[in-house]
Amino acid sequence: MGDTRREQLAALPFAEKLKILEKLRARSLAIAAAGLRGSESKTEDEPSAARDDKTDEPKS
Amino acid sequence: MQSAGVIGRYAIGGAVAATFYLEPAATLDLDIFVEFPETIKGSLVSLKPIYDYLQGRGCPTSGEYIVVAEWPVQFLVPAGPLEVEALKRATRAEVEGTSTWVMTAEHLVAIALQTGRVKDHNRVLQFIELKKIDYPMLSDILQRHGLSLKWKQFEVRYFHGRH
Numbered sequence: 001m002g003d004t005r006r007e008q009l010a011a012l013p014f015a016e017k018l019k020i021l022e023k024l025r026a027r028s029l030a031i032a033a034a035g036l037r038g039s040e041s042k043t044e045d046e047p048s049a050a051r052d053d054k055t056d057e058p059k060s
Numbered sequence: 001m002q003s004a005g006v007i008g009r010y011a012i013g014g015a016v017a018a019t020f021y022l023e024p025a026a027t028l029d030l031d032i033f034v035e036f037p038e039t040i041k042g043s044l045v046s047l048k049p050i051y052d053y054l055q056g057r058g059c060p061t062s063g064e065y066i067v068v069a070e071w072p073v074q075f076l077v078p079a080g081p082l083e084v085e086a087l088k089r090a091t092r093a094e095v096e097g098t099s100t101w102v103m104t105a106e107h108l109v110a111i112a113l114q115t116g117r118v119k120d121h122n123r124v125l126q127f128i129e130l131k132k133i134d135y136p137m138l139s140d141i142l143q144r145h146g147l148s149l150k151w152k153q154f155e156v157r158y159f160h161g162r163h
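Sequence lines, in order, name chains C and Y. The first sequence: position 36 = 36 (the numbering used here), numbered continuously. The second sequence: position 66 = 66 (the numbering used here), numbered continuously.
If you are wondering where the hints come from, they were derived from the structure by calculation, not from laboratory data.
In silico EDC-like pairs for lysine to aspartate or glutamate, Cα to Cα no more than 16 Å straight-line:
| # | chain 1 | residue 1 | chain 2 | residue 2 |
| --- | --- | --- | --- | --- |
| 1 | Y | K48 | Y | E64 |
| 2 | Y | K150 | Y | D140 |
| 3 | Y | K119 | Y | D29 |
| 4 | Y | K131 | C | E7 |
| 5 | Y | K88 | Y | E35 |
| 6 | C | K19 | Y | E96 |
| 7 | C | K19 | Y | E94 |
| 8 | C | K23 | Y | E70 |
| 9 | C | K19 | Y | D29 |
| 10 | C | K23 | Y | D29 |
| 11 | Y | K132 | C | E7 |
| 12 | Y | K132 | C | D3 |
| 13 | C | K19 | Y | E70 |
| 14 | Y | K152 | Y | D140 |
| 15 | Y | K131 | C | D3 |
| 16 | Y | K48 | Y | E35 |
Beta-carbon label-pair distances, calculated as ranges:
| # | chain 1 | residue 1 | chain 2 | residue 2 | range |
| --- | --- | --- | --- | --- | --- |
| 17 | C | A34 | Y | R9 | 35 to 43 Å |
| 18 | C | K19 | Y | A4 | 26 to 34 Å |
| 19 | Y | R89 | C | A33 | 34 to 42 Å |
| 20 | C | A15 | Y | T115 | 23 to 31 Å |
Negatives, chain Y to chain C, calculated, CB over 12 Å:
| # | residue |
| --- | --- |
| 21 | P37 |
| 22 | V45 |
| 23 | G146 |
| 24 | H160 |
Where is the CB? At the ideal position from N, CA and C, for every residue including glycine.
Kindly generate the complete structure, drawing on both the sequences and the hints.
In structure tokens:
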């Protein structure tokens, strides 16, 4: 994802970002339910390459 | 919940707070840091009043989370001086006409640096790339909380010390 697109997303109102977060969360849960976690999936069209999956690492 | 006297000051932290400044990144839960009103502060801090209040309003629990509007919410008591300060200096945010509090970008970066997992470093890099950091403010926070060395190590690791 290009920096311009990232900047556009970063500039969205917080409420709009929260709606995107809800969609991302729903997608993550759907993938988890389908047993596809850990496999490579196409994510380039998602709003961010960054992932914050709380199941990845235990809190220190 | 604040107006009902269940909690005192509060602020959103973690990935959702980072989203206030950055592009949205997938997360499964919402971290809310809380402090309790003076009237119910004691030597032993319990989150039970929060759970009781929300469960009384139909919010189910799920492990360590309580589910509010379909979001698993984790209520956290500040674990140290940095998180206490982050809570006190949170910035106000509006969400569809409702006012809420979000930790500052610089405190989120300092906390991420302190926690130090790969995903935390990834978040710090995002703040840097999108130029969301007030460096004098961050430097002040890092110095006061003994994190300057960690920042130097971070710079060496990701920018070969040239950032």
